[in-house]
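S.K.: Quick note, the sequences are listed as chains G and A, same order. Okay, so the first sequence: first residue is 0 according to numbering that gives the first Met the number 0, each after it adds one. Okay, so the second sequence: first residue is 0 according to numbering that gives the first Met the number 0, each after it adds one.
Be aware that one or more of the hints could be misleading.
[As the list claims (entries may be wrong)] Negatives, chain A to chain G, calculated, CB over 12 angstroms:
1. Ile11
2. Gly14
3. Met18
4. Ser36
5. Arg40
6. Ala44
[Stated by the list, open to error] Listed next, with one range per pair, are the computed distances between beta-carbon atoms:
7. G:Trp154 with A:Ala50: 22 to 32 angstroms
8. G:Arg60 with A:Ala50: 38 to 48 angstroms
9. A:Thr49 with G:Thr65: 22 to 32 angstroms
10. G:Gly28 with A:Glu1: 28 to 38 angstroms
11. A:Asp3 with G:Leu166: 38 to 48 angstroms
[Stated by the list, open to error] Some but not every residue of chain A turned toward chain G, in silico, with C-beta under 10 angstroms:
12. Phe34
13. Leu35
14. Gly47
15. Ala50
16. Phe53
17. Ile54
18. Ile56
19. Ala57
20. Glu60
21. Ala61
22. Phe65
23. Phe67
24. Leu68
25. Met74
The set of hints was computed from the structure by calculation and includes no laboratory data. Bear in mind the structure is a predicted one, so any value in this text is a computation, not a measurement. In this text, a Cβ means the ideal position worked out from N, Cα and C, and glycines have one as well.
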Amino acid sequence: MADEAHSEGTGLVFHPMDQFIVKPLFGDGPIHWYTITNVTLWMALAVVGVILLLVMGTRRRAIVPTRTQSIAELAYGFIYKMVEDVTGKDGLKYFPYVMTLFIFIVFANFLGLLPMAFTPTSHIAVTAVMAMAVFLGVTILGFVKNGAGFLGLFWVASAPLALRPILALIEVISYFVRPVSHSIRLAGNMMAGHAVIKVFAGFAAITAIAPLSIAAITAMYGLEILVSFIQAYVFTILTCVYLKDALHPAH
Amino acid sequence: MEGDIVQMGAYIGAGLACMGMGGAAVGVGNVAGNFLSGALRNPSAAAGQTATLFIGIAFAEALGIFSFLVALLLMFAV
Numbered sequence: 000m001a002d003e004a005h006s007e008g009t010g011l012v013f014h015p016m017d018q019f020i021v022k023p024l025f026g027d028g029p030i031h032w033y034t035i036t037n038v039t040l041w042m043a044l045a046v047v048g049v050i051l052l053l054v055m056g057t058r059r060r061a062i063v064p065t066r067t068q069s070i071a072e073l074a075y076g077f078i079y080k081m082v083e084d085v086t087g088k089d090g091l092k093y094f095p096y097v098m099t100l101f102i103f104i105v106f107a108n109f110l111g112l113l114p115m116a117f118t119p120t121s122h123i124a125v126t127a128v129m130a131m132a133v134f135l136g137v138t139i140l141g142f143v144k145n146g147a148g149f150l151g152l153f154w155v156a157s158a159p160l161a162l163r164p165i166l167a168l169i170e171v172i173s174y175f176v177r178p179v180s181h182s183i184r185l186a187g188n189m190m191a192g193h194a195v196i197k198v199f200a201g202f203a204a205i206t207a208i209a210p211l212s213i214a215a216i217t218a219m220y221g222l223e224i225l226v227s228f229i230q231a232y233v234f235t236i237l238t239c240v241y242l243k244d245a246l247h248p249a250h
Numbered sequence: 000m001e002g003d004i005v006q007m008g009a010y011i012g013a014g015l016a017c018m019g020m021g022g023a024a025v026g027v028g029n030v031a032g033n034f035l036s037g038a039l040r041n042p043s044a045a046a047g048q049t050a051t052l053f054i055g056i057a058f059a060e061a062l063g064i065f066s067f068l069v070a071l072l073l074m075f076a077v
């Protein structure tokens with residue numbers, strides 16, 4: 000369907016979903032798992048950004064921090080406090096993983112906001128890997144830490160006995176839907192925001208409403224900056240919540 | 000002809016799926032509004048509850064995202 004909009008030439012000049020097409024960076028052969036695509040490029044740039052911020056920024060370890068160092072310290076302290084608040088003291092062992100997730104998603108989201116950039120987190124393939132890693136990791140961790148007691152997560156002991164089997168069914172469904180909602184929330188938000196900006200950009204070709212649409216793009220862009228951060232935050236805090244469920248499965 | 004009707008159905012379905020997003024909007028607004036009314040009654044307790052606020056918003060939003068996904072699937076995948 001995306002191609003039809005192109006060939007007719009009556010609608011938008013460009014399709015709002017075109018920006019999410021995965022293209023090989025060199026040449027245009029078929030895409031294999033080892034092909035270097037624009038997703039690879041922007042994920043690598045995100046990693047470079049993380050290294051620049053966290054490794055280079057904290058290299059000098061000044062008592063009076065430079066700007067980069069204070070940002071790195073702020074991010075570290077923010078996530079550390081979040082893990083501690085949500086999972087408790089014994090969850091701090093898993094802080095590095097949560098921090099990795101957060102900082103990578105933040106960088107991928109923000110780099111995707113640059114004009115002509117590509118947002119890796121707008122693809123379900125990327126976020127699903129992260130969400131499945133969290134889901135599998137948390138499930139295995141729950142069984143390793145609590146043994147069969149982890150199944151107590153599905154057996155709501157505080158509910159009346161007659162209701163418990165029904166609640167158990169609902170809990171099981173909601174448990175297995177977690178990786179789906181976890182990944183789609185991030186990908187959907189990033190994709191929707193960028194597509195809306197592109198739709199407004201398409202209206203800018205009409206002279207009469209061009210100023211209006213540019214104002215709308217500016218407003219949406221501001222919202223997107225907020226959304227980029229909040230979705231990274233939400234992804235991380237839900238990881239913490241799932242981690243807490245694995246460590247303390249009792250309701 | 001037959002393909003046209005199928006495609007029309009897909010487009011109508013995609014439009015109908017967007018109504019689910021309205022429900023998510025109501026839900027998110029409900030969470031945030033109730034948080035605000037609670038926070039104005041007891042501002043000192045509000046700061047500690049922002050994490051809960053975002054978790055609540057995320058769960059309410061997830062269902063809207065599901066309907067958005069259904070709309071996208073109908074538009075581009077089916």
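S.K.: For each hint, tell me whether it holds in the structure or not.
M.R.: Outcome of the hint check:
no., hint, verdict
1, Ile11, "holds, 15 angstroms"
2, Gly14, "holds, 15 angstroms"
3, Met18, "holds, 16 angstroms"
4, Ser36, "holds, 21 angstroms"
5, Arg40, "holds, 22 angstroms"
6, Ala44, "holds, 14 angstroms"
7, G:Trp154 with A:Ala50: 22 to 32 angstroms, "holds, 26 angstroms"
8, G:Arg60 with A:Ala50: 38 to 48 angstroms, "violated, 30 angstroms"
9, A:Thr49 with G:Thr65: 22 to 32 angstroms, "holds, 29 angstroms"
10, G:Gly28 with A:Glu1: 28 to 38 angstroms, "holds, 36 angstroms"
11, A:Asp3 with G:Leu166: 38 to 48 angstroms, "holds, 46 angstroms"
12, Phe34, "violated, 14 angstroms"
13, Leu35, "violated, 16 angstroms"
14, Gly47, "holds, 8 angstroms"
15, Ala50, "holds, 6 angstroms"
16, Phe53, "holds, 6 angstroms"
17, Ile54, "holds, 6 angstroms"
18, Ile56, "holds, 8 angstroms"
19, Ala57, "holds, 5 angstroms"
20, Glu60, "holds, 7 angstroms"
21, Ala61, "holds, 4 angstroms"
22, Phe65, "holds, 7 angstroms"
23, Phe67, "holds, 5 angstroms"
24, Leu68, "holds, 6 angstroms"
25, Met74, "holds, 7 angstroms"
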